[in-house]
Amino acid sequence: MRAAQDGATVAGEWQRQPAAAGGRPGRWAVGRLGWERGDRPARGSGVRRRWNSVARIGFVLPVILYLALFFLYPLVSNLVLSFQDFGIQSVYSGRAPFNGVDNYLRLLRDPVFGTAVVNTVVFVVGSLVFQFTIGLGLAVFFNRAFPLSGLLRSLLLIPWLLPLVVTGTVFRWILDTSNGVLNHVLLSLHLVDAPVPWLNSVSTAMIGVLLCNVWIGIPFNMVILYGGLRSIPVDVHEAAALDGATGLARFRHITMPLLRPVVAVVLTLGLIYTIKVFDVIWVMTKGGPANSTQTVTTYGYQLSFGGLSQFGLGAAASNLLIVVALVFAVFYLRSTRSEVVAR
Amino acid sequence: MRKLALIAATVMLLTAGCGGASAGDDSTLTEMDYYNTDPLLTALPQLLDTCGKQAGVTIKRQVVPDLRTKVLQLVGSHDVPDLVLLDNPDLQQIAATGALSELGLATDGLYPNVVEAGRYQGKLYGVAPGVNALALYYNTKLFAAAGVAPPKTWDDLKAAAARLTTGNQHGIGFAVPATEEGSFQFEAFFLSAGGSLSSLDSPQSVAALQLLTDLVGSGSAPKDVLTWTQANLEEQFANGALAMMVNGPWQLPQLAKAGMTDFAIAPIPVPAGGTPSSALGGEVWAAGNGPRSAKATEVVKCLTAKDNSLSWSKLTNYVPSNEQAAHQLAETDPRFRSFVDEIADAKGRTATLGVNYPKYSQALWTAVQSALAGRATPAAALEAAQKQATGQ
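Here the protein sequences come in this chain order: W and B. The first sequence begins at 1081 in the working numbering and counts up by one. The second sequence begins at 0 in the working numbering and counts up by one.
Think of the hints as simulated: they come from the structure by calculation, not from any bench. There's no promise every hint is true.
Unchecked claim - Computed cross-link-like contacts, SDA-like style, restricted to lysine to any residue with a CA-CA straight-line distance of at most 20 angstroms: (1) Lys358(B) - Thr1195(W); (2) Lys69(B) - Leu1388(W); (3) Lys358(B) - Asp1190(W); (4) Lys386(B) - Gln1169(W); (5) Lys69(B) - Gln1169(W).
Whenever a hint applies, use it, and build me the whole structure from the sequences.
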């Protein structure tokens, strides 16, 4: 298996381990840790067995405590906050009147929130489509061995390694209407007659932030898809080639079907990641001009911390986002489980 | 073993870091501000030291770039710093939480509107050591070459800007990004036209937005004004890409650093019959309501006294909040003339709207961006803004 050497099929590796250890994939193997008696022959004295189960709980406890403290508590308090009229006057006392689903209703009636939802959909779909197709193209390209491919592949990882604030700032300069290098190039090649107001027009600002986000996302897609391609056995391709299948037919009938589990992982993880993108947009446009790049994340931040101090509304906006991400997270977990079963 | 020691050291470091804000006894005051660049980065501690000594305390300074959010977070955990240098439009909101201490200080000699900007519900919570306003910087070399006089009215401004727009050079730049900065810059035109913040869609306001829309629409101002900050304006002005810019006095050291000397400063141009005005900018000293608030008030009194107000203003290139000191400055340094002239009539952003100002401001910068990006006419954009600000 070449995949194991590559170490690129992170998701695949991670899932394979519990399966190899005999646990039930995709579930918490609580029974293995001492609660389900009888699935294992008794060993040693009763004291020792009790000590064993204490030790087993001891191993799980830190994780449970960690999850409860850093994930469950903030999630629950954010949920509670979204049902409160929590404004500036509540910050000191921490007390705020409960107002039921009022925050959610107000959000749904808020035209800016509507714009933000539409923008988020455009941003996510646009990012995924281009990141994925370009990432897949590069993965297929690098799957053919050629000189310097290793070096080039590592160079392509650079967008992934840069801090998002740096990337956003550089793209803001590149896309500057009057002094940006992109307009300079386009003008000198006579591709456009006048400078394109990339981040300064309601019709092109979204394209501007998408350009940046797609650039950031390509390496992630390429790396995971490349790993998936490497794990497709060569003999299947050879057999198909012997049967007279052309390159395109092999890609359609062998590569794509065998790559499907990896594709599902890449797309769901990409979606969960893209839906919560904040830094890139904040650095480039702050949601402007005139809310044309305002997403649910940036609007939620603005409601809470942008001077409005409507923490209840901000919490409600982010909760809606969490629900969407959660739905896709479940979808992701299911798809990886079926992948393990398929193996 | 070594690993354990390392972990222990890390934990100690972390806890020491967390305890920093609240550490100390009655003789140590905590202070927060957002001045993370020189000259203030090094000069402010000296000023704090002087005033701390007078009050018999030591002051521990902390620089926090996103100060407003940090202070709100500390308000939530009842751990407000003893002294905090807040941006003046944020003062009312922080005061509304009840976490600030009322300052029993005399404010004789200060500009009345500056004192007003430090009040919340009639009580004094913040005092400004210095203030600022926006005015029109213009490149004297370019103006002389084109034979244009510094514009006084909006019509002059349009004509001059069009005249000075050639190739890569734009006639005028202002900064209207989707932040408070955008509102602050627009308010200079808006207030000079006689607009009032409580009615965003007044005819004066529409006229002011129409002016900016025309400037961008005709190409006299770059489209980049929608994403540029005031610091970006300074860079563009310094390298000659802008013949005029709307900016504050705090840019003077940056321009000097860039070697830009061929400029002068005029009051904000006005429509026929208007007076140059601006929103009042600058920070105010406030004291937390902790057990050391009396000492903190003493320090604020020292920091805002006439002499210290003057040295603060010299460091920040602000106008002293003390009226007499401000006039002295205008006489000795002509670059400050326009700023000083505008201060007396500058409007505190929270003066009429109080804690609701951020809501109006967000609606306002959105309207400005809508009009400049061609999404709506100035009248329609401002009408929507008024609805957004007063609704909910």
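Each hint tested on the structure:
no.: 1; hint: Lys358(B) - Thr1195(W); result: holds, 18 angstroms
no.: 2; hint: Lys69(B) - Leu1388(W); result: holds, 15 angstroms
no.: 3; hint: Lys358(B) - Asp1190(W); result: holds, 14 angstroms
no.: 4; hint: Lys386(B) - Gln1169(W); result: violated, 24 angstroms
no.: 5; hint: Lys69(B) - Gln1169(W); result: holds, 16 angstroms
Violation of the numbered hints given earlier is confined to hint 4; every other hint is satisfied by the structure.
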